[in-house]
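Undergrad: Residue numbers (the working numbering), protein chains in the order written: chain A, 1 to 190; chain B, 1 to 176; chain C, 1 to 661.
I should point out that these hints are in silico values taken from the structure, not numbers from a laboratory.
Honestly, I wouldn't trust all of these hints.
[Said to hold, decoys possible] Derived list of chain C stretches under chain B, where covered just means 3 residues or more per stretch with a C-beta under 8 Å from a C-beta of chain B:
{"hint": "1", "region": "364-374"}
{"hint": "2", "region": "389-398"}
{"hint": "3", "region": "513-523"}
{"hint": "4", "region": "596-607"}
Computed from a predicted model, the values in this text were never measured in an experiment.
Built from N, CA and C at the ideal position, the CB exists for glycine as well.
In case you want the letters, here they are:
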Amino acid sequence: MTTPDTTTRRRLLMALPLAGAGAVGVAFWKMLSGMEQGSFNPHDIHAPALNRPVPDFTTPDLAPGKGFGTADLRGLTQPIVLNFFASWCIPCLAEMPILMTLKEQIPLWGIAYKDKPEDAAGFLRHSGNPFSRLGLDQDGRVGIEWGISGVPETFLIGPGGVIRWHSAAPLGEDTIRDTLIPLARTLKTP
Amino acid sequence: MTRKTRRLWLVIACVACLGTAAGLILRAFSSDIVFFVTPSQVVAAPPPKDRTVKLGGMVVAGSVKREKRGETPISTFDVTDGQASVTVHYEGILPDLFREGQSVVAIGTATPPHDFAAAEVLAKHDETYMPKEVAEALKKAGKWDPRFGPPPSATSWNQMTVQDARKDISAAPATN
Amino acid sequence: MLSPELGHYALALACVLAGVQGILPLIGAQRRNARLMALAPGLAVGQLIALVCAFACLINAAVTDDFSVQNVAANSAVSKPLLYKITGVWGNHEGSILLWALILSLCGAAVAAFGRSLPTALRARVIAVLGLVATGFELFCLTTSDPFARVWPAPMDGRGMNPLLQDPGLAFHPPVLYTGYVGFAVPFAFAIAALIEGRVDAAWGRWVRPWAVAAWCFLTCGIAMGSWWSYYVLGWGGYWFWDPVENASLIPWLTGTALIHSAIVVEKREALKIWTVLLAIGTFSFSLSGTFLVRSGILNSVHAFANDPARGVFILGLLGVVIGGSLALFAYRAPSLTAGGLFAPLSREGALVLNNILLCSICAVVLTGTMYPPFMSLLFDRTISVGKPFFDATTIPLALPLFIFMGFGPMLPWKRAQLWPVLQKLWLAACVSGIAVVVATIRLSGVLPVLCAAAAVWIIGSSITDIATRTKLFRTSFANSVHRARMLPRAIIGTAIAHAGVGITVLGLAAMSQAQHRIVEVPIGTTEHLAGYDWTLTNVTQEPGPNYTAMAATLEVRRHGQLVTVMHPSKRSFNSQNQTTTDVAIHTNLMADLYGVLGDRHGPDSNPTYVLRLHYNPLAPWMWLGALVMAFGGALSLSDRRVRVGAPQRARSSTATVSVS
C-alpha cells in the first residue's frame, strides 16, 4: 500500500487541485491585464473598420470650420486625424490640450457628435480649436455610420480615405508618440 | 467484497458521472452555444436559420417602426455596426432603455439576407444594467463615473449640457 | 460622534486586530503555548466590535446625509426613505465589502463563543485562519475600496435616488446571501486547521458539520430571495437567468451541499476525510472567487457592480493567497492524512458518495458553462454566450439520477445494505411516482418536465415514507407514533424535511416549464383569454405619487364568469430622474401565479391602446417555498441535541480560555 510508487501518485493527485487553480488563476490574470490595457474585452462586439474605405457621409459646416464628407476624405493625399468630440463630454475636454499640440504635427479634422452648433462652438472658443475642418453631427447619424461607441473617438485616415488606425479612448501623449505619429509617417511616404 | 472491487465501484461511478457530464457539455456546446455576431457578419456569412445568435449593434436613428398584427404589437428597427445593417423584427415590449442611436443586443435567428427575428431584445435587464458597449460609451463620454453608482437614464444623458459637464468636473474626479 | 474618520480608524484597528488574531494563536498552537492560544477568542470579539463600530459609522453617515462621504454621495439622497438609506449602505461595492468583513468577523466571534467544547489548539487555529482571511479583506477595504473616502466639495444632494434599487427584496437579500458565502469560511478554517494539525477524525466531522449546515441554510435562503426578487421586479416572469452572478451563488451551494453530506460520512465512518477537507476548501474558494470575479468585470452580469479591472488585480492577488495558499497546504499535508476505509457501494455511505459525485458533476457543468465564454474569448478570440438552453440540457440529466438516489439514500443502513427491504418500504412512494408520471404526461408537455415532476413526487414520497417507517405510522396507535416522532433525532426529521423541500422546488420548476404568457396591445375594455382565465382591462388611470406619476391599469381576472381578482399593474415615471419603473401585479393562490405587466401607451388620446403582458405561472411559489423548507430542515437538524451538546464534552481544561471569554 505505501510503496514509494503509490506515495508519489498520492502526492501528485493531491497537488492536482492546486495545479488546476493555478492555471485558472494565470488565465484570469491575463484577462485582467488585457482588460486594463484594453487589448482584451470579453464582450466586445464592435468591429472597427480598419483598412477599409471611409463610410458614406456628409457633415454640415460647424462654425468656425468648414464641413466635409466622404469625397473630401477620399481625395486626401496626406494622412489626417479625424476626431469625434462633444461639448458635453468631459474626457473630450481633457483631450483638447493634447490635440492642440498634435495639430502641429498632423492636420486634425473634427466632428461634433450629438451636439448643438452653438454649444460646440462655445466649447471650441473655451478650449481652443485644433481642427482645420469641422463638421457637425447633430443627430448622431454620422457617428453610427462610422460605428463609434462614444466620444472621444479618433481615426487615422490615410491617403485615399482609408481608415488606418482607430482609438476608442482619449488620446494620450504615449499613444501619439509611439503609435499614431510613426504610423502617420509611414503613410506619408508611399 | 474485496477492497479491490470496492475501489473499482468507486472509480466506475466517478468515471460514469464525469463522463456523462463531459458528454452532455460537448453535446450542448455543439447546439446550445450562442454566438455574438455583428450586422456585417450576418450579411457576409449568415448563420444557419435554426441557430440562435446574439446580434449586437446600434439602432439606426429613425428606423424604429411599430405595427400590430392582430392584437400583437410588432416592432421593427435597423441595427448597424457602421458597415452593414440588419432589420430586426420583434414581437413584444421594447425595453425601457431602448433608444435610437444606442446599442442593443437582439437574441434570435437571422433570416438572410437582411432580416433578423428577435426573441428577446436587451437594452437593459434592470436599472443598473446596460450593454457593455453602452456602458463603455457612457463612461468615455464622461457622463457616468462608475464610482458614483448606477448610470443615469438614457434620456438624461442626451439632455445634459455643458454646464452639467462643468459641474461634474468640479464635483467629481473625471474618469480615465 | 460616529464620524467617518472614527469609522475609518475602527476599520484600520479591526485590520490590525485581525492580523494579530491570525498570527499569535497559530504560533501558540504550534508551540503549545496556552497563553497565546487563549488570545484568539478575545481578539476575534475585539475585531467584531471594531467592525461593528465602523459599520455603525457608515450607517450613521448615510442616515444623517453626510454627502461629504463619497460612498453616501453616490448611493444616497436626501429624499430617500430612511430604510433605504440604511440598506443602501451595502447596496454598493465598498459597503458590501465592509459588510462582508463584518460577517466574517461575526463568524470568528461565533466560533469563539460556541466553540468552547473544541480542543483549545483546534479552536485557536480555526479562529486564527478566520483572522488571516479577514485581514486580507480589511486590507482590501482600506486600500482600494475605502467606504469612508471623502469628496470635496461635498455635493448638496446625493445621486443615489435610484427608484429600482429601493426595494425590500434587494435591500435584505445581500446580507442573507453574504452570510451564506462567508459562513463557509468556518468549515474552510476547520479544514485548514485540520491540515496544519495533520489530523482529521470523526470528531472533526461532527464539529465542522453544524457550521457548514448553518452557512448552507443562509445560502439557500439567499439564493431563493435573489431569485424571487428578479421574478417580481424585473417583470419578465422569469426566475433564474443562469447569469454569472446567479451561477456564482449556485456553484458554492452545490459544493456546500456535497460538503454537508460528506461530513456525515466522516463523522459516522471516518472515511472520505481528504475529500471532505477538499470540499470545505473548494466551497469557500468558489464563494470567494465567484462573487469577486463578477465584480472585476471578467464575467459580465446583469447585476452591475462597478467593474474595475484595477481593483480586480488586487482581488485576484487576494484570491491567489487565500485559495492558492490553502490548496498548496492541501497538496503538502493531505498525502500524510490517513486514508479512510473503502466501503460497500450499497450502503448509506455509498449513497452519500454517489450524491457527492453527482453534485460535483453538476457543479463542474455549471462551472464550465460560466467560464467558457471568457476563456474562448481569451484563447480563440471568439465572443459567445452560454445561456439557459445549455444549462437545461446539461444539468437536468445529471440532476435526475440525483433525485432518484435521494429517495433511497436516507433509508439505507450504514456499512452494508440490502436493496430489497428498502424497496419494500418504498413501494408506496414508487407507486405514487408512477401515478405522477401518468398525470404529468397528460398535464405537462416535454419529457424532461414529466421526469422532473415524477422525481419530485418520488423525493417527497420517500421522505414521508422515511419518517412514517421510523415512527411506525399506521402500524401502531397514533399517539405512539407521535411519541416516536418526538423521540426521533431532529437531524433525521431535518433531513426528511430538507429533502422534501428539494422535491417541492423541483415540482415548482417542472410546472413553471409550462408557464404561459401573452403580449397584447389593446384598448380599454378588451378581454383576453389565457390559461382558462379571462383578463379584462377595465380602466387605466394616472395617479400622482410623491415623486412620480403612475399609470395604473385595472385588470379584472375572471374564471368561468367568477371574479378571481382585480390586479393593478402600473408603470411609474419619476419626473426628476427621467426614469420609468414597472410595477408588476402578482396574484397568487399558492397553486399558480397570475402575473400582469403594463407596458407603453400608444395611439391617439381619444382611443389609446395599452401594451399588456400577461403570465400564468403554475406552482411558481413552490420554487421559493421549497427553498425555505430546505433551509428550515437544515435549521431543524442544527437544533439536534447531539449538535448542541457537542462532541465529547471536554473539561474546560484551559483556565485562560475561561477567563478571557
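Undergrad: Could you run down the list of hints and mark each one as holding or not?
TA: Hints and how they fare:
1. With 5 residues carrying a beta carbon less than 8 Å from a beta carbon of chain B, the region 364-374 of chain C meets the three-residue requirement, and the given coverage holds.
2. Requiring three or more residues with a Cβ within less than 8 Å of a Cβ of chain B, the coverage given for the region 389-398 of chain C holds, as 6 such residues are present.
3. Residues of the region 513-523 of chain C with a Cβ under 8 Å from some Cβ of chain B number 4, which satisfies the need for three, so the listed coverage holds.
4. With 4 residues having a Cβ less than 8 Å from any Cβ of chain B, the region 596-607 of chain C passes the three-residue criterion, so the hint holds.
Checked against the numbered hints above, the structure breaks none of them.
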